[in-house]
Each structure stands twice: as C-alpha cells, then as structure tokens.
Amino acid sequence: MAEPVEEPSNRPSDPWGRIKNLKSKRNGSNTWQVVAGSAVLGLVVATGAVLAAGPWDNGQRKAERQLAAAADRTGGVHHGRTLPGAPEPAPSAAAVLGALDTAHARSAPQDPAGLRTALAPLIGAPELGTETAASVIDTATGKQLYGRGATTPMTPASTVKIATTVAALSALGPDHRIATTVRLSEDARTLTLVGGGDPTLSQAALTSLAASSAKALAEDGKEPVRLTYDTSRYTGPARHPIGKNPNIAPVTALMVDEGRLDDTDRGPATRTDDPAGDAARAFAGELEKAGVEVTGAPREARAPGKARTVATHHSAPLSALVERTLTNSDNDIAEALARQTAIAKGESADFAGARRAVTAELNKLRVPTAGARLADGSGLDRKGRVTPALLTTLLARAADPERPGLRPVLTGLPVAGFNGTLSSRYRDDTGATGLIRAKTGTLSGVNALAGTVVDPQGRLLAFAFLAAGSTAPSAAESALDALAAALAGPGG
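With the sequence shown counted from 1, adding 2 to any position gets you the working numbering.
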C-alpha cells in the first residue's frame, strides 16, 4: 500500500510578497537580512492570518488550526481574545525578536567544535530511529559548521521540494506564469481547452475563460460549437508511482483545484480519477451559462493546427507557487513545477524527464548531486534520495544575494510555531517559535527537517537533518525540532 506524505496543502495569503526581495550581506551579523529575519517573518504570519493545518502522518490529521481563530491572532501573549479550541497565542514580540539582537546576552556555539558539543546529545536521540544524517553550513561563506553523514543519500520525503522549487525558479524565473488557453478552430465550430499544467486553475478562472470565448464566438456568429480538451503538454503516466492516493491527484496538464472532489484546499482529499475530463465538463457548463451552445460531450483532442487563441488565463507567478508549495507542502504544485522545469529544459514532461531536468538544473547551480536520485518532485516516492549537503547547499544558493530569483525558496519555508506545516510545532519551551524556517518531511519511518536559522552571532545558518527508522513520528519530530532549536543557541 502506498504511503502518503504527512503534510497538508494549503492556500497561503502570501504574506511574504512584500519582503521576499530584501537583500542580505555576506558578512557578520547582517546575514540575517537575507530573509528579513525569521523572527520578523514570524510576526508577519502571526498578524497576517494563516495558522492552518498541522502535519500529517499516513494521511491522518494530527492537528488543524481554524482559519477563523487565526484572524483573531495578533502575535502577543496578551493580545486578542481566545476562541474555543483555538491555538494558544504566540509568544510576544520581545521573545521572538531576541535572536536578532546581537547585543543580547546569550551564549551560543562560536565554532564547529561548539556546534558538535551542542548537537552531540541530540543527534543520537533514539526517537530519530536507526540512521541520522546532518549538515549545517554558514550560508554567507558556504563553510560546513557541522556534518554527520552529510554526503549520505537518504530518503528526503517532502524536503525534496526544496530541490524542485530551486530548479524551477532557476530554469523559469520567479515571474513565469503557467497559461491555460482556449483555442477556436478555423471554421469556428470547435473550441479546445488547452491545459498548460496549472493545478491551481479555479472555477472562477473557467468562468472568465468562458466569457472571453463567448465574446469571440459572438463575433463569428452564434453557431453551436463542439468542445475538446488538450492535455498533450504533459506526457507519460498521469498516476504517481505511489498509486492512487488522497495526497495527490493524477498529474495532468489540465485540472481544476488539484482535482479535489470536496471544498477543501489543503490536506488529503478524495481526488477525481479524471481531472482533465472534469475540468472540460465544468468549462462546458460555464460556456452554456455564457450563452454558448455546446453540442455533445467534451472529448480529448489536440487543438487544430490553425486554431487561434481566444482566451487565456495565467496562474499566479512562479514565486507565489513556490511559496505555496513549500509553506504547505503542496504535492500537486510540486509535481507541476518539476514538469514545467522539464519543458523548459527540453525534456519530456513526465516523471523521468522531470528527474533529468531538475538534476541538470541543480548541476548547473554547482550543488553536490552525487548520490542523489530525484525520483519525483513532491517527495512521495520512497525511492528518492538526497544528501543533507545537497539541501543545505541549495538553501545557501537561495540566500546568495547574487541570485535574488531564488529568494522565494527561503520566504516560502514555514515559520516555526506560526504557519504551514510548522504551525503546530515549536509550541513548547524550546523558545524557538518564530526563529526557525524549515521544510518538513515525513513518510512512515522517515522524518526530515531542512531550513534556516539565525544564530546569536547573526549568521544565517542552513541546516538539514534526515532520519530513518523511527517508529514514533511525533517523537521524531520533537527530536528534529530540538536539533534546529539548538542552532539558535540557549533559550532559542
């Protein structure tokens, strides 16, 4: 039986957009400016609105925060009222911002030896299972501050989304948008809905496409039309190697709302077996509402060679898609980004082509891909392998002030105790709430955490902790959280 990923998919309100382009410096305490500081971003989330679903294990909900409760949060212990069943208020600003104050009286590891001392009793925690590998680097210098099996290939689970999103941004750029189009045949008798690979296509987008199509048809006379739909942009099997699974829809170039059959926008859900056909039938309904007579049922076919485009819908910019992918571990978008990378690199738009394209783009970025096998874009495939060093190097590339186009990878990482897949974690006495940004990863027996933290010296550190053989997911997550918190120093 295929094993689903643990994290939910959610639609963030993108509170990072206004700060994602802040630049960093390469020296001393100013490196935290790369991501505007984990703490500041944590406060933006707290005041902004999304304390959504917590992590998942084997498709089961472990925690979910009500969006209505999130709207009531303002980030301080004594601010706002408490709703029944809502999460506890976040720590007040002084505690969250402490790590950014380099004059703050705190001791912390000053060198690799100090880090080894701090992490030694934590990295061997039995809760992490039978095998653990780790890498911690200074993003400004690229120097490895701590390593334990840093070049050992491990199952990454959803932390592989860091590789997927870096490759997509590098190949396509942060402003790229995925287009869904409608094309009209030369005789004006056939409309074709052409999928571009946007899994976030919505019913509202179909309504808009139908209105534009109706207007074009009116100019050619109001004759009945046939409707076809074109999914040829993607090739190969649509079903993910794990098989039918509530964590991901069939991977096709045409779908609406990730093929969900309910009104959810995150987490596991019953998915349609025919997302492209469903999208076409929904579009036919919108055409009828717009006054277009559609004859027969929609059928799959490529748009005629001389057909002209009469309507276009563009997705959100790639930067926003990347942030949503990482913040909420969105499997459908991750697989779409891998295929978009394949198309950009001239590879086949299937799982194999995406693997080749993403690997090639990472090699172009001069990251250590030895031993890596990027089996898919989402991390659902247990055959995937990456090394901790690969993940930390990717995070360092995203922090490089010479590569501003990769910054959404950092701004999209969940904030500890505040949003996305870390919303329900770091709510204990670690003191690390708001200080850590990291991508989670969980499959049965696999737990991972990779992200960034600002240490008390002001250095932006990138870390990756990959563990295998654990039998208690919650305990393993807590052990990973303790490792990341230790990088922030005592009390954080």
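Worth flagging that the hints you see were computed from the coordinates, not collected in a lab. As the structure is a computational prediction, the values presented were derived from the model and not from experiment. Any given hint could turn out to be false.
[Unchecked claim] Computed cross-link-like contacts, EDC-like style, restricted to lysine to aspartate or glutamate with a CA-CA straight-line distance of at most 20 Å:
hint	residue 1	residue 2
1	Lys291	Asp275
2	Lys366	Asp402
3	Lys246	Asp275
4	Lys291	Asp402
Going through the hints against the structure:
1. Only pairs whose Cα atoms come within 20 Å are accepted, and Lys291 paired with Asp275 is rejected, the gap being roughly 26 Å.
2. A distance of roughly 15 Å separates the Cα atoms of Lys366 and Asp402; the hinted pair therefore holds under the 20 Å criterion.
3. Restraint check for Lys246 and Asp275: satisfied, since their Cα atoms lie roughly 9 Å apart, inside the 20 Å limit.
4. Under the criterion of a C-alpha separation no larger than 20 Å, the hint pairing Lys291 with Asp402 is inconsistent with the structure, at around 50 Å.
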